[in-house]
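Asker: Here are the chains, one letter per residue:
4 protein chains.
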Amino acid sequence: MLRFLTAGESHGQALVAILEGMPAGLKVDRKKIDANLSLRQAGYGRSRRQSEIEKDRVEILAGLKGGITLGSPIALLIRNRDNTIEKLPPVFCPRPGHADLIGAMKYHHKDLRCVLERASARETAARVAMGAVCKLFLEEFNVEILSHTVAISKIQAHTASLSFSQIKSKTKNSPLRCADKKAEKLMIKEIDSVKKTGNSLGGVFEVKVKNVPPGLGSYVHCDRRLDGKLAAALMSIPSVKGIEIGMGFECARKTGAAVHDEIFYKKEKKFYRKTNNAGGLEGGVTNGEDIVIKCALKPIPTLINALSSVDINTKKSKRASVQRSDVCVVPAAGVIGQAVTAFEISCAFLEKFGSDSMKDIKNAFSFYMKEISL
Amino acid sequence: MLRFLTAGESHGQALVAILEGMPAGLKVDRKKIDANLSLRQAGYGRSRRQSEIEKDRVEILAGLKGGITLGSPIALLIRNRDNTIEKLPPVFCPRPGHADLIGAMKYHHKDLRCVLERASARETAARVAMGAVCKLFLEEFNVEILSHTVAISKIQAHTASLSFSQIKSKTKNSPLRCADKKAEKLMIKEIDSVKKTGNSLGGVFEVKVKNVPPGLGSYVHCDRRLDGKLAAALMSIPSVKGIEIGMGFECARKTGAAVHDEIFYKKEKKFYRKTNNAGGLEGGVTNGEDIVIKCALKPIPTLINALSSVDINTKKSKRASVQRSDVCVVPAAGVIGQAVTAFEISCAFLEKFGSDSMKDIKNAFSFYMKEISL
Amino acid sequence: MLRFLTAGESHGQALVAILEGMPAGLKVDRKKIDANLSLRQAGYGRSRRQSEIEKDRVEILAGLKGGITLGSPIALLIRNRDNTIEKLPPVFCPRPGHADLIGAMKYHHKDLRCVLERASARETAARVAMGAVCKLFLEEFNVEILSHTVAISKIQAHTASLSFSQIKSKTKNSPLRCADKKAEKLMIKEIDSVKKTGNSLGGVFEVKVKNVPPGLGSYVHCDRRLDGKLAAALMSIPSVKGIEIGMGFECARKTGAAVHDEIFYKKEKKFYRKTNNAGGLEGGVTNGEDIVIKCALKPIPTLINALSSVDINTKKSKRASVQRSDVCVVPAAGVIGQAVTAFEISCAFLEKFGSDSMKDIKNAFSFYMKEISL
Amino acid sequence: MLRFLTAGESHGQALVAILEGMPAGLKVDRKKIDANLSLRQAGYGRSRRQSEIEKDRVEILAGLKGGITLGSPIALLIRNRDNTIEKLPPVFCPRPGHADLIGAMKYHHKDLRCVLERASARETAARVAMGAVCKLFLEEFNVEILSHTVAISKIQAHTASLSFSQIKSKTKNSPLRCADKKAEKLMIKEIDSVKKTGNSLGGVFEVKVKNVPPGLGSYVHCDRRLDGKLAAALMSIPSVKGIEIGMGFECARKTGAAVHDEIFYKKEKKFYRKTNNAGGLEGGVTNGEDIVIKCALKPIPTLINALSSVDINTKKSKRASVQRSDVCVVPAAGVIGQAVTAFEISCAFLEKFGSDSMKDIKNAFSFYMKEISL
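Each protein sequence line maps, in turn, to chains S, A, B and X.
Numbering follows the working numbering, with no gaps: position 313 of the first sequence is 516.
Numbering follows the working numbering, with no gaps: position 332 of the second sequence is 535.
Numbering follows the working numbering, with no gaps: position 30 of the third sequence is 233.
Numbering follows the working numbering, with no gaps: position 326 of the fourth sequence is 529.
Just so you know, the hints here were simulated from the structure itself, not pulled from any lab data.
Because identical chains share one entry, a pair is satisfied inside a single copy or across any pair of copies.
Derived lysine-lysine pairs resembling DSS-like cross-links, with alpha carbons at most 27 Å apart:
hint: 1; residue 1: K470; residue 2: K518
hint: 2; residue 1: K473; residue 2: K565
hint: 3; residue 1: K573; residue 2: K268
hint: 4; residue 1: K268; residue 2: K258
hint: 5; residue 1: K521; residue 2: K469
hint: 6; residue 1: K235; residue 2: K375
hint: 7; residue 1: K469; residue 2: K413
hint: 8; residue 1: K357; residue 2: K375
hint: 9; residue 1: K477; residue 2: K413
hint: 10; residue 1: K399; residue 2: K457
hint: 11; residue 1: K235; residue 2: K411
hint: 12; residue 1: K413; residue 2: K373
hint: 13; residue 1: K457; residue 2: K411
hint: 14; residue 1: K573; residue 2: K519
hint: 15; residue 1: K230; residue 2: K573
hint: 16; residue 1: K472; residue 2: K313
hint: 17; residue 1: K562; residue 2: K573
hint: 18; residue 1: K457; residue 2: K477
hint: 19; residue 1: K371; residue 2: K258
hint: 20; residue 1: K399; residue 2: K521
hint: 21; residue 1: K373; residue 2: K357
hint: 22; residue 1: K411; residue 2: K373
Please model the complete structure; the sequences and the hints are all you need to start from.
Answerer: Shown next, in the form of C-alpha cells:
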C-alpha cells in the first residue's frame, strides 16, 4: 500500500513529503525529480516568485542507498528560499475564491496568514516531487504520463488529431505546455491583456497515460474504482472545479451507440478498440487504452485589481488582500495533474502486483500480461 | 470515523451494507430508507425489472433498539427477488462501456457473469440505503439534500432561476425528477424514440445541499479536501464520466473577477455572498453556501441493438450480450448522487464535531456555530 | 487490501460480516465455516445458550458463484435464534470488568442493554466466520493454524514437547481443546468447583501457525509490523489482557545469548534455526518458523454470585446484573484467536503477493519462494 | 483523524516525521520535544553513540507559527550527526533476533546494511518526537503519562505501593528510570557484569496514564478498541515481545471475584473503583482509572560476543555482525512506550471530541465530562 503525507507552509522553512510503500530496487535520479519541479515553476503567466525567487531543488533525506530505493519510506525536502512566515504582516481581508475566510472560521484563526500559508498552492511542489518518484516507478513498466494545456480562458487548443508522442514533443519547449502553436499565441496575448487589468485566468489541462496495463482499479467495491480515485486526486489540486474522463460531459449528449467503444480482436493485437471515448476506464478499471482526463481550472483567486471583501476584525468592506501571485497557472496545474495521476496509478499497480521489490513485481506483471493475452 | 462496506450480486440473494460509525441516539425510520430505495427504482425509462420485479425493502438487521441507533454498526439488507445467479446461463460477449471484458481479464474469469453480477448498478441500492441513514443524521442539523435532472441527451432543463425548495417541490412527482416541465416532455419523447431504436441515453444530474455548516473538509492535507472526496464518491457511481462543482468548466472560460464570489457582511446575516459560483466549496472546505455539483452520465452500456463485440472463448466477432436493462437512468443516478453526498458530508461532520452521540454532537455544533458568528 | 466490518447485537436478528478483498478463484465450503462456528460454541464450561440455544450456521449472501469466490465482497450472516432485543428488560447495574458502565457513559445510554448487546462476545461469531474463509485461503498455500488451551486458572498444560500435528490431533476431541490430558482433567474439576460458587475463570490459550512464508509484515514503518497487527487483533478479543509472542515475558529475564535463535544453513534446508524463541517474528516480519502467540484471558465478567455495583439511575449500591453466561471460555477464545490470526496473515499475504486472483497469487508466491531459497 | 509517517535510516541524513491532524491553537515548545529525545538517549547501559555522538535536537519545519499549531501537518526533523550510510562497509552476517536476514529475503537485498539501516531502533527517535507533541496536547486536558523500569533481567523493582506522582519523582534522576532504588543498584550491577561477557539484557517497563477521560476507544467494532490499538503501538517498539494490560497474565490465574474491579458511587467522587486490575480499560474503552500497561523487552540482538550466523553470500558459518550497540535499552524503550501511548490516546481523544481547534475541543470535553458526572 502506497501512501504519503506532506507538510509545509508557503513561507515556512521547507516543504516535506514522506512517501511510504515504494518497493525496493528502484533507481531514483534526483535530477529527474528536479526536472518535474522546474516544470511546475515554469509557464507563461507565472509570477516572479516562481521563475526567480524559488528554484526548487529536492533533497532526498531518507529511503535510498546508492541511489536505489531500500523499500523504506522516502523523505523529500524542498527548502523555501523565502522563509519569512514569522515576519510577514498579518492579513485581515479574505480573498473570494480562496480558503482565507473559511479557514479562519474552521480553525478560529484571527490572522488569515495562519490559513493562507498552508492553503497556498506552494504545497503542490511536494506532491510533484513524490509524483516524480512514482513516474520513475511506472517507467520501469513502460507507463508514460503527459499533461498539456487544452484551453486558456475561451481559447481552445486543437489537439484531437495528435498522437501521444506528438503532444509530448510539441509541449516540450512550449511556454504554456500547449501542443497547438496557433492557439498558444492567442493564449499568450490573452494573458498579457488580462494581466494589465489586474485580473486572472483559468483554463483546462489534459492528462494522458500510455501503456497502462488493463485491470488496475476495481468495480467490486465503489471506493476501489480507479476513476473515483483519480477524480479525488485531481479535484484536490487547488482551483480544479471540473473533471472529465474520456468524452466527459459530451457523452451525456450522445446515444450509447455513439459513445461506447466497440470491441475487436486480432491475433496480433489481441482485444482492441478503434475509439477511446471511455478515456481508458470502464467500470472504474483500466482497459488498456490511454487514460485521458481533462480538468477545468477556475482563475486563481488572487487579483491585483482586488475584489470586494470584508475586514474580519472591523467587519468593514475592504478590497481583498493581494498576495504575490500568478495570472494563470494552467501549465503548472497540468504538471501537478501528472504527479497525482502517477501516484494513484502506482497505488493500483502495487495493489495488483505486490509491493515489496522490483524483482517480484516485474515477475507478477509479466505473468499477468502473458495470461491475459492468451 | 464513518465507514462502510457493501456486498451483493445483481441476481444473488441480497445486497448487504454495514455502516459503521453512526452516533448513538439517532432515530431511524425504516420507511424513510424505503422511500429512498423507491426513488432509485422510479423514473421514466427504467426497465420492467426496476418497476415491477424488484420492489426494494430494507431490513435493518443490527444497530438499532427501539428504532434508535445504539452507536454500533448498522447492518442493512435488501433481498433480491430475482435470486437466480446459480441458474442463469454464462455470458461470453462483453458489452462495450461495461466492466465485462476488463473484469474477466483482471480476475481471470471465464464467464462474464462472474463480472457483471457485481459490476451491475444494482449494487447502488445498498449505497442508497446507507445514504438514507446519513440523510436522517444530517436532517437533525437541518442539512437538506436534493437531486434533479438537468439534461437528458441534448435536452437541457432551465432551472437556474429556481430556489432549492422550488426544485424540491417541482421534482416530487416528476417522472424524470426534472424541475422544468417543458424540458421534461421533450426528454420523455427522446427516451421513447431512442427506445424504439434499441439505443440508450445519458444526461446530467445535479446534487444540491442546503444549510451545510461552514468548515467541513480541510485544505491542510490534499486528501482531506471535501471537493476531492465528493468527486470520488460521485465519480464512482456507474456511468458518471464528468463532474462539475459550482460553475465547473464554465469558470475556466471566465476571468477571476467574473468567477469569484465576493464577500459581504451584514450584522443580521454575518458574512455572506451574492453569488455561488464556487458551489459552496472554497479551498476544499464548505463555505456555508449551498453545495452544487453536476454529474455527466454516459448512456448505459447495455443496448438492445447491441454493439460489436468478440466472444471471449472463440475470439469471433459477435454482438455484445444483452442483459435486461434500462434506456436511461439519469433520475436514479441523481438519487444515488444524493446518497453518496450525504455519506461524505456526514463523515466530514462527524470528524469536525465528534462522533459518539447525538447529544454531544449537537452541543459541539451549536458551540461552533455561535463562535463563528461572533 | 483485505478489510472487513461486522455488525450485530447479541439478541438482535443476526450477526453480519462483510469481508472485502478476497481474491477470485478460491473454493469456499460453507461446511468448513460452520465447523469453525461449532468449535467456538463448544468447550466445557460454556453456558446452555452456546451448546443448545444457538447452533450457529452461516449463510453466504454474496461473493460466491458455484462455491467459488468472485473477487467481490463476501457477505456472511449468522442468525440469532434468540432474537429478543426489543422485549428483554432494561438493565441498570453494570458488571465490573464489562463495558456496561463505560459504554453507558460514552454513548449517554440510560439502559445498559444498549451497551451489552453489542459489547457481548457473541459478536465474535462473525469474526470466526470470516477467519474461517481466511483459513481456507491460507490452506491453498499450505499454511495451517491451530489453537489450544495452555492454562485454566492456575492449572498449566505441559505441551512444550509436542509437535504442531500432535497438538492438533490431541485437541481434536478434547472438551477444553487441551493437548495435555492430565491437566485437562484437573481443569474440568476446577471449572466444576468454581461453577458451584457462582464465580468464573480465565486462562491462557496459544495460537500456532505453520508454514508461514518468510517476509510477511515489514519493519520499514512501525504500523506495518506483523507483530503489532497480531497483537492488536488478539488484544481485541473480549477478555484478553496479555499477549506473548514466542518466549514473551520469559525472554525479559534471560540474556541475549539465551534468547536469540542462532542462524544455520544446510543445502537441503537452506537457512534454518534450532530454536524458535522469537515465535516466528523478527523485526515484526515472519521468519519462516512457526508463529507462536499466547494470550491471557481474564475470567469472564458475568458472575452468578454477582459483584458489588451501583444502579445507574438510583445511584444505590446493588449487585451487578446477571446475564446468561459461561464459566470459562478459554477454548472458544482460542478459536477466535485462530480466526483473527488468519485474517491478519491473509492481509499481509495479499499485500506481498498481489490481491486479485488465486492464479496470479500462486505464481507470485512460487516465484518468491524460489528466489529466496537460491 | 490523527496520523503520521516517519522516515529515516540509522546513518542517513536525518529522521523525519509528519504528524497530520493536530488541532489548531496548541502551544508547542521545541525544548519539551528535545527533553523527550534526551530521555530516549539516556539510561545506564546505552552505547557511546547514544550518550555522545547523537545529541538529538528536533527542528520543526512546518505546522507552527509563533510557536502555535496552525492545524496543518507538523514536520519534525532530527539530523543524524553520523551520516555515513554511503560509506559504511556492507554487512553479510545476519544477527539472530534482528530483521537482518528476513529483511534481505523480503526485499531481495544483497547487503544487510540495506535492511539494518531502517530496521534500527534509531527510527524510534522520530516516534518520540511526535509523541512529545501528543503529550503537550494531552497536558491541556490534564492527562499525564509516565514510564518506568519494573524489571531488568531477573531483578524486579517493587513499586506496587507507589503513587503516580511518587513514581514520576523517583524516576526523574534515576539512571535506569527505576523507582525502586535498591533494585536499581542490583540492575546496574547486572548490566556491568553482562557487559563484560559481551552479552545483552532485556527487561520490563510500565507505562501509566493518569486523568484519562472515560470513554476513549470503543467496543462497537473490534478494531476501534483502545486496548488493541495500544497493544499494536507498543508491540511495534523494537524488541517488545509481551504486553500486559492491568493485571495481565496474573488475572488468568485468578477467579472473576478476585479480578474484576467492583463499582462504587459517592456523591463527591461519582462512580469509582477501589482496585484497578483492569488497567483502566474495560471492553476496550477507558474507564477513567489510570491506564497501566507492562511491556516485556527481549535482550537487544546485537551481541559483542556474537552468536552463530551464516554469511549470506558464501553460506558458510560465521559469527553475526557486530554493530555499535547498547547492552540494555529498557529505560529508553519506556520513553518510546510513553510516546506511542500518547499518540494512540490523542487519536481516540480527537475522534471523540472533534478535531479542528483547541477551543472547540475544550468545549466538547467540558460538556461531556459534565454530562457523565450527572
